[in-house]
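Add chain P to chain X, keeping to what the hints say.
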Amino acid sequence: MGYVAGLDSGSTSTKLVVMQDEKIDRYYVVPTGGNSLRSAQKVLELWFEEADKTEHDLQCLVATGYGRENIKLAIKTVSEISCHAKGVHWLFPDCRVIIDIGGQDFKVIKLDKEGRVLNFAMNDKCAAGTGRYLELMANIFQMDLDAFGLAAFSAGGSVEITSVCTVFAESEVINHVSRGTAENEIVAGIFNAVARRVYSLAKQHIADAKEIVFTGGVAKNQGMIEALARITGCEVKVGFNPQITGALGAAIFSHHINGGQ
Amino acid sequence: MNNESGLAQVKSIYENRDARARELSKEKKIIGYLCHFAPPEIISAAGMIPYRITGQLGDDIVEANRYVEPYGCPYVRNCFEQGLKGRHDFLEGRVIPHSCDMVQRIYGLWKYYNNPNFSYLFNVPHQVVPWSLDFFERELTFFKESLEKHSGQKISEEQIISAIQLSNDNRRLIKELYELRKTQPPKLSGVEMLQILLAQSCTPPEEFNVLLKKIKEEAAARETVKKELPRVLVWGCIIDDIKFLEIIEQTGAHVVSDDLCIGTRTALAQIDTSEGVMRGLTNTYFRDFRCPRTDHGPSRERFSYVLDLIREYNVQGVIGYALTFCDPHKLDYPDLRDYLNDHGIPMLLINDDYTLGNVEAVKNRVQAFLEMLE
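Line by line, the protein sequences give chains X and P.
Sequential numbering of the first sequence, starting at 15, is according to our numbering.
Sequential numbering of the second sequence, starting at 11, is according to our numbering.
Next comes chain P alone, as it looks inside the complex:
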């Protein structure tokens, strides 16, 4: 079937991310999701296929401007534009979390104008306290029940456990791929890793499991030429296009790790169901999920996990990616920057309106920053 290398297959999936989902939508229901709160495992357990909704970096926002004001998250507006252009027409419906104001608003707009078959607003608290954990657990049950109502079939705990085992397996393989980035130079570039993660988000987990095993073999066997490029960690908002990492790597660095929702914030977790299935999901998808939209208190020590990543991957500098108007990330940035600086790690923040239109301006800053690391 496929003599192509695993990485070549991943690249194809990345470049045409709705192809497999469209194929499958003829026989199965595809549920689109944004962010990382409503567990894809529950969607899988319902016999449906989870599909992460993404934008199209650099696309002109034309239609969406009639529905959503321009001074709001450019990413969400772009995703909405994709919907208006019919790029989500293979979806049975969407589950949209209350991650932040803009994401939550889009739920309403989509439901009103699109009138999809299935629509669910997933409520998410903003602080991690005992009652908010209980709340999230209840919300998981409500979400499960709404899928049951839609499909007419009950979802058993065994089915959820089975889905979790599969996704845990995939994340274990992803972790092994991340381990390959600890060498100098890393055996997988930041661009390749991102393509893998994005390809994973639009491929049925059992199919992707096979591909991951193939990639692991190939990558581990790679011979690399010793290159003394600075090692960088990328922090920030959703990055669903390789352009930003390409700019960094082409300017002369190795992106060896990240603090991104598509990356380490969720990709390496092992869901532990020993305290209960819903509690396990709550811990991974809410308690331990480090998007700044969840308040983790005022202490700068809340970023110690970033320092851990820096030490683990032998990182010399951090490059941040903040979308215009993203308050959660931008308001966390000064504390993170100062915390890292206190520990001898410089940080550069790049602001983007989800176009990366002025590549020269980005290259200029990145090059100056990388020269500082020399």
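Next comes chain X alone, as it looks inside the complex:
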């Protein structure tokens, strides 16, 4: 069988997953940088170059994400909610709840045993609880995101961040820094704040589930994985690359459209 692909044109990053015979061939993640068309083209070119192929070798492409309508090569667009569900189900067939925290939004998806979406909820209006919030906070400490993710582990306690709003929360954090509060305790407080914010939307959908699959760029943050597990009381699983789940799901849809089982 030929190659099929899924392209997730997100607001922060653009992802491509290419599959052949229902196995992942290659995958790529590039920053969208405000131009979804250009980054989609870039991500495809990365595959063309590395695999020594052209667009004629792609039998089918499904696009998802905010920029999905602009992807001319796409035979169909599918919502990122359905794509995340499909992708996560492929990786974790027993999963019934997904929490996806991206650059500018977060979502909760409830699935059935076939990986079909039963229900979902999204926050894409407010920066609190998204990757953007964490970026802003990491910036206060002049840390890169990897270091930031590990910074809470050594903490003995955590501060309470009382404001939900990102802007006011930032002021609170700066206040803590200037008062000399331990850095690791502030960072722990930040991760708790994000986890709590997400949990308030997710709680109803988690219900009695014991496991959650965590996707999106923020799932690369080790501190967030721990905070989410603690605050939800569930086991949190993360795939080998939490950013590509949407594109993976789109690729699987592509595979089915192309006649694959």
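FYI, nobody ran anything at the bench for these hints, they're computed from the structure.
Among the clues, some could well be false.
[As the list claims (entries may be wrong)] Pairs of lysine-lysine, DSS-like flavour, derived with a Cα cap of 27 Å:
hint, chain 1, residue 1, chain 2, residue 2
1, P, K253, X, K139
2, P, K373, X, K124
3, P, K373, X, K217
4, X, K124, P, K340
5, P, K340, X, K217
6, X, K90, P, K236
7, X, K90, P, K253
8, P, K373, X, K56
9, P, K237, X, K90
10, P, K237, X, K86
11, P, K373, X, K139
12, X, K56, X, K67
13, P, K185, P, K223
14, P, K373, X, K86
15, P, K340, X, K139
16, X, K90, P, K373
17, P, K253, X, K86
18, X, K217, X, K124
Just chain P now, with coordinates in the frame of chain X:
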């Protein structure tokens, strides 16, 4: 006069809704109204023309912010803004019901700052009990008397009956148009039906009657190509712009029915005057009018009429439209959602601040929801 199709005429009226009223205002008095409590039939019986006041979706609220705080119904603030911009200058006056706090507040603001020739605050109870029905009946009489005082002419019962007969006729034709939406695919789209309903609200009823008959002929004769798109019912707050339904239909669905004040909550009723004219109006405009601002008790069975609509129109999913700060709708939503889910019907709620500014966010949710229905 008009070789244009009925639907094309409706579209023109929809896109320029005050044009006919402005023309007529040179010789007749136009009375603006909000919501659906003060019967337009009484306004017609008084020899005046009823005109539903609407907002302008997406308009920047600038002037109104000086009079009304931003944390209140965005729809009412938008309507008030239209007034400040002079878009209601052809109105003789307004009748404003006490539908909810914000609508009622606007009455006071308009009266104080606009000082119109005619102004009436229509009191509406919040529960349906025998004494509130009597209250509403009395209120109808007070409203009628205030119009009489303003025009200097008595309104006879015959005149009201005649107005009711005409509006009943129009609603009978609207019902026949709704029947055409029961086919798969429907012969009238949700967008077209909404344009018809909105055009009706700003056109004298006798003129619209002629147009409705034309539309019915055209629509019934339409050939449709079989399309297997999911069938959706839209529930919620006032929708006076086609944008929301366009988004839904363009994403890939047929909006075949609704539970909206501009739609089935009032558009299909037949006013029955057998128990008296005012009692008949009370039953249609208050007792049977299903806006959540009227309390119909705590039981989820209060939504059985929605399930009836779902079965009648063969609906697979419900999409709700709730305006920011609309407590009546938002507090009813969880019960409605759970009731529908128990009956196997999924429901999606879209929140909007009467701008539909983030179309992508709406499309995202609608597309995911429609995929769930597949």
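Now the hints, each set against the structure:
no.	hint	verdict
1	K253(P) / K139(X)	holds, 20 Å
2	K373(P) / K124(X)	holds, 19 Å
3	K373(P) / K217(X)	holds, 24 Å
4	K124(X) / K340(P)	holds, 23 Å
5	K340(P) / K217(X)	holds, 19 Å
6	K90(X) / K236(P)	holds, 20 Å
7	K90(X) / K253(P)	holds, 23 Å
8	K373(P) / K56(X)	holds, 26 Å
9	K237(P) / K90(X)	holds, 17 Å
10	K237(P) / K86(X)	holds, 24 Å
11	K373(P) / K139(X)	holds, 14 Å
12	K56(X) / K67(X)	holds, 14 Å
13	K185(P) / K223(P)	holds, 12 Å
14	K373(P) / K86(X)	holds, 18 Å
15	K340(P) / K139(X)	holds, 18 Å
16	K90(X) / K373(P)	holds, 15 Å
17	K253(P) / K86(X)	holds, 25 Å
18	K217(X) / K124(X)	holds, 11 Å
Consistency with the previously given hints is maintained throughout, with no hint failing.
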